[in-house]
Each structure stands twice: as C-alpha cells, then as structure tokens.
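Trainee: Below are the chains, spelled out letter by letter.
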Amino acid sequence: MRRAELVMAVVMGVFSLYLMWKSAELPIGWAEGEGPGGGFWPFWLSAGMLVCCIWIGIRWAIRASPPSRSEEPFMDRRAVKLFALNAGALTVTIGLFHVIGAYGAIPLFLIFYLRFLGRHSWTLTGLFAVLTPVVTFLFFEVALLKSLPKGYTEPLFEPIYAIVF
Amino acid sequence: MEVIQLLFDGFAVAFQPVNLALIIIGCAVGLFIGAMPGLGSVNGVAILLPVTFLVPPTGAIIFLAAIYYGAMYGGAISSIMLGIPGASTAVATTFDGRPLALQGKADKALIAAATASFVGGTISVILFTLFAPPLAEFALVFGAPEIFALMLLAFATFVGLGGDDIPKTLFSIFIGLVFGAVGLDIISGQPRLIFGDVIGFMHGINFLVLAIGIYGICEMLWTIESNKGDAMISQATMSFRSLVDSVRSLISSWKSMIMGSFLGFFVGILPAAGATPGSLMAYGTAKQLSKSPDTFGKGNIDGVVAPEAANNAASTGAMLPMLTLGIPGSPTTAILLGGIVIWGLEPGPMLFIDQQEFVWALIASLYAANFVSLLLNIALIPGFIWILKLPFTILAPIIFILCIVGGFVPTLDMHDVWLMLIFGVVGYLMRKLDYPLAPAVLAIVLGPLAEPALRQSLLMSGGEISIFFTRPIASVIMIIAIVLLLLPLYPVIKRRLRG
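The listed protein sequences correspond, in order, to chains A and B. If you count the first sequence from 1, position 153 lands on 153 in the working numbering, and the numbers rise without skipping. One rule links them: number in the working numbering = place in the second sequence (from 1) + 1000.
The shape of chain A in the complex, shown without the other chains:
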C-alpha cells in the first residue's frame, strides 16, 4: 500500500505537468480585449494538482497518511483476479460494441457473467440474455429514439425499423 501511494502521487504529478504543458498551448496570461487567456484556468488548476501531489509526497515521506503507514499489499491475489475478470469483461464488451453492436455484445456479456461467473442456470441466463436487449431496444430506440451502436449488424435491423417506424 505504501509503495502504491507514492506511485500514484508520482503518476498524477507527471499527469499534472502534462496538463500544464497542454494548457500552455493557449495563452495563460492576460490577452488584450479578451481578459484571461484560454489556457489560464486549466493551467493554474493543473499547477494546483501538482502542488497537491508534492504535498501528498511529503506526507508519504513523513508517514502522515494511513496508506503511507500501511504494510498491507495494495491488492491481494483474489482482488487482482476479481478486478481482472470484471474489468477485462467490460473492456471486451465495450470493444464488441464497435464490432457486433450493443445487441450482440449485451447478450454475450450476460451469458459470460450469469452462466460462467454467477453459475446460474441456462434457463435464467437465456431469459436475461434475450429480454435485456429487447427491453433496451424498445426503451432507447423505439420510445426515446436514441440509437445504440450496431457495428456490422446494422443491416439486420433495417426490417425491424421498417416495422417499428
């Protein structure tokens, strides 16, 4: 935990410097007739972030914050496994939105989660895997006219659009 506290402060400190650099692409001082330049606000806020990171670093050095005093691991093996499974499944699902669209990715994610992680029956898994995309389609696409990504499955929806709209 102690090492993670320092690593996070350093990473965020570097990120603050990057934000300051990017903010300075626009004027950070007084622009005649315009007042404070476009980079003024984000530049000084990023500088504030950097100061906070240095402050966190000082508190780490003198062991003032609870994580800087902790000898526990940042994540144990079980936590890493759960984190990797869930974050990984989400990443793959969002990636699949681009390829097979929301209505392909949502059932696959539900099957993976309900059947393989949750160990629920195939009946319950199938029920959720079918009903969730149907309800999502009816609510977002039909009622609210908000079109979700369909990827390469877009042509499959044209007959449905012809019926519904």
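Hints are computed from structural coordinates only; laboratory data are not their basis. One should not assume that every hint holds.
[Stated by the list, open to error] With the Cβ distance kept under 10 Å, some of the chain A side facing chain B (calculated, not the full set):
1) GLU5
2) CYS53
3) ALA61
4) ARG119
5) LEU124
6) GLY126
7) PRO159
8) ALA162
9) VAL164
These numbers come from a predicted model, not from an experiment. Beta carbons: idealized from backbone N, C-alpha and C, even for Gly.
Here the structure of chain A is known, so what remains is to put chain B in place on it, guided by the hints.
Mentor: Relative to chain A, chain B alone:
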C-alpha cells in the same frame, strides 16, 4: 387575497379531468426517465415536447412540468439503488443514499428522498406563489462576480467532503475542474486539452461520463472486491410498519429539509445556477451544520434529505425567471421556454397579466404534481426493494450494462464509454488509496459555470480581483466562502497550539 383567488382558479383548471390525467401520466413518465442512468428531466421534456402540440398550451405546460417534477423525484432512485446518479441534480443524493442502501436501509433512504422532495417542492411552490415577481428582479442583480462567488461558496461547502486528507481532497477538486475545462475554449473557441487531437474531446467531458465511471464502474468493482462477488447488495425489507417508522424518524431531519428547501429555491432562481449547485450546497451546508459531520458519506439520512429537498425546490425556483423574465434558470426550463414560445405565448412580466389562467394553472399543477409524485414514489418502493434483493451476480451485469448504455446515451459517442471505463478503473485504484472522488464529480459539474464567471469578472475589472470584494452581494458571499474554506484548518491549528 387576490393571490389565493387566482390560485383557486388555477386549481379549477389543473383538476379538470384531462389536465389531472396529464399530471399523473407526466409524473409517471418523469419518474421512470429520471430513474434511468444517463437520462434526466431535460431528456424527458425535450423528447415529449412535440407530443404537447396535441393539447392546448395550458395542458401542455402542465404535462411538461409534471415530467420535470417526476424526473426530479426519479433521479434519487438510481442514486440510492444503483449508486449511479441519473442526472447531475442527484449526484449529492448518492453520497449517503448509496451507503444506506448497502446497509440494508434502502427503504428508509427512498422514503426520506421522496418525503424531502415533497417538502422541498411544496415549500418552493408556496414561495413561488407568494413572491414570484420581486424575486425574479432580485435574481437579475446577480452578475458574473456574484455567480463566481456563489460557485466558490459551493466548493467551500463541500471541501470537507473528503475527510481529513486535505491534499487529496483538493487534488480531487482540481482534477474535476480541469476535466470540466476540456473541449472548446468558451471565449476564443479554440480547442483546449484535447489530448493528441482526439475528436471525442472536442465536445468536452460530459459530467455523466465521470459520474457513471466513479459511481457505477468504480463502485461495482469496489463492491465486488469487498463482498467477494457473491453477496447480496442489500438486505432491505419493506412493510407498512417500516414505512410509518421511516416517516416518523424523518422528523429529526426537519432542519435539513427546511434548509435544503430554501437554499435550493434561492439558488434555483439564479440564472445559470439551477438545481445541481443548489443540491450540492445543501449537502455541504447540512454537513457543516450537523453535530456528527463524520457520519456524512457513510449513510447519514440528512445527507439524503438536504439535497433532495434542494433539487426539487430549485426545479421550481428555476421556473420563476423563465416565466417572469423569459430567462431560463436550467437546461430543462430552457426547453420549457422554447415550448411556451412555440405555443404562441410570450414569456416575461406581461405573462402574469395577459395569461393568468395559464400561469396559475401551472402553479396549481405544481402542487398536484408534487403530491402525485410522492404517492407514486412510495407505491413503487416495494418494487425497488425487490430489485435490490436479487443476487449480486444478476444485479452486477445489469448495472454494468446500464453504465455502458448510460455513458453512451448523453452524447451518442463510444469515445465517452471508453472514457467512462477509464475513469471507473482509475477511480477504483485511487479510492483504494483514500482519494475522495465525490469532489471531482462536483467540480466537473460546477467548473463550466465557474470559469466563464471568473473570466467575465476579471474582464469587467481589468484583471483586478478586488471586484469580488467591492460589490456588496459578491463580497458577502466571498467572505462566507473563505470562512468555510478555512474552517477545516481550525481543529488542526487548535491541536497544534495545544500540542
């Protein structure tokens, strides 16, 4: 007495069968839309505006106002049940509503939210009825310096949210404000902080992307780790007796309810402020005034009551400048204003004289919408509780899907869904190291209001910061804000002096 007579005339119109049906349908639709992550009152009103062309203007405004009210009630449902704020107005409700649900007190939190919304809505409608024109004129006194001072006051009220670790709290506020600055510069129109010309950053970072990332993805990852992935989210139960007990226990929260109602209403009437700053300030003030501020963020009922009373009161307050001056106080009232113009009416001071039936029917319908929303909300609580009792391995993937869809819907851009995932994962890692995340969400909401106010103020004064201390209203708000900002340092200094 004339006001009372006009109000009764308004009730006579609002209680006509068609208008009453529109109130009930509007509240139910609004409640449902408000409860959906990613959708708020603005979506509901915008989507259903064309439907109102089928009814007379009075029925139309009653219907849209009922949706607006229903959505304000509904926003609390997803905040408490799923930990995902449905809209920015419900962000503050998440802080204590979610912990209460995790402790098996979802019913208590939902009843508190519904009751506080009802009280906030009712008090604000009474204020609206009595003081509409003079209050609208007062709101016009607020220029850029006053708005910036008000934003600073909002930050000051929640600077203590992160507990004792001041640098981490300040870091969280600063990073939220920087994320709020991403996109096009409001004055020069130049792209700013678009990270390697990524087009998705051109429209800025929608607050919902950060909010769903932190309160949806991060919260779920945290819960999965804490509960070993196989626990129930809540063990709440619901009975008539528990309902009565919950309402009775709310009596001790009356101060927070009243404070939230008045604060929310007055912030709501200010142009460009609206319900979000109102609810955040109410939360911060409730914490500052509480005898046990340490319990805030861990399931303090006042942390639900104050913002819920405030956001409903502010939604009424925001209608005041819209009707009396033709200036919308929030995005939703901007759409309502558009509707009023489309229906052939002219918003402004003359509306109260030329269209008395329209105005007073609207005001009367707000009373009715408030009551209908309360009844609907309480009637549906057992259903919400049933959802919470589903096994975690069923609820978790549904919430993840709601997060993904909710992250996509506001901008219809997959870039935002990826961003939401990144915020969720990084937020989870930061949370493990005790970084408070709530201030970042609050900052990204208020940042786009604070920056133009600051820049306009400095432009007005030629770069002199003294402008915030030479205008009477701005200086009073600034001094209160500075005192509140320095307040967390008081115990530290006191401890040092003793040591």
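Trainee: Taking the hints in turn, state whether each one holds.
Mentor: Taking the hints in turn, this is what the structure says about them:
1. GLU5: Given a least distance of 6 Å, the restraint on GLU5 (chain A) holds.
2. CYS53: 7 Å, holds
3. ALA61: Violated - the Cβ of ALA61 (chain A) stays beyond 10 Å from chain B, reaching only about 13 Å at its closest.
4. ARG119: 8 Å, holds
5. LEU124: Result: holds, 8 Å to nearest chain B Cβ.
6. GLY126: Cβ of GLY126 (chain A) sits 13 Å from chain B, so the hint is violated.
7. PRO159: 23 Å, violated
8. ALA162: 22 Å, violated
9. VAL164: With Cβ-Cβ at 16 Å, over 10 Å, it is violated.
When each numbered hint is compared with the structure, violations occur for hints 3, 6, 7, 8 and 9.
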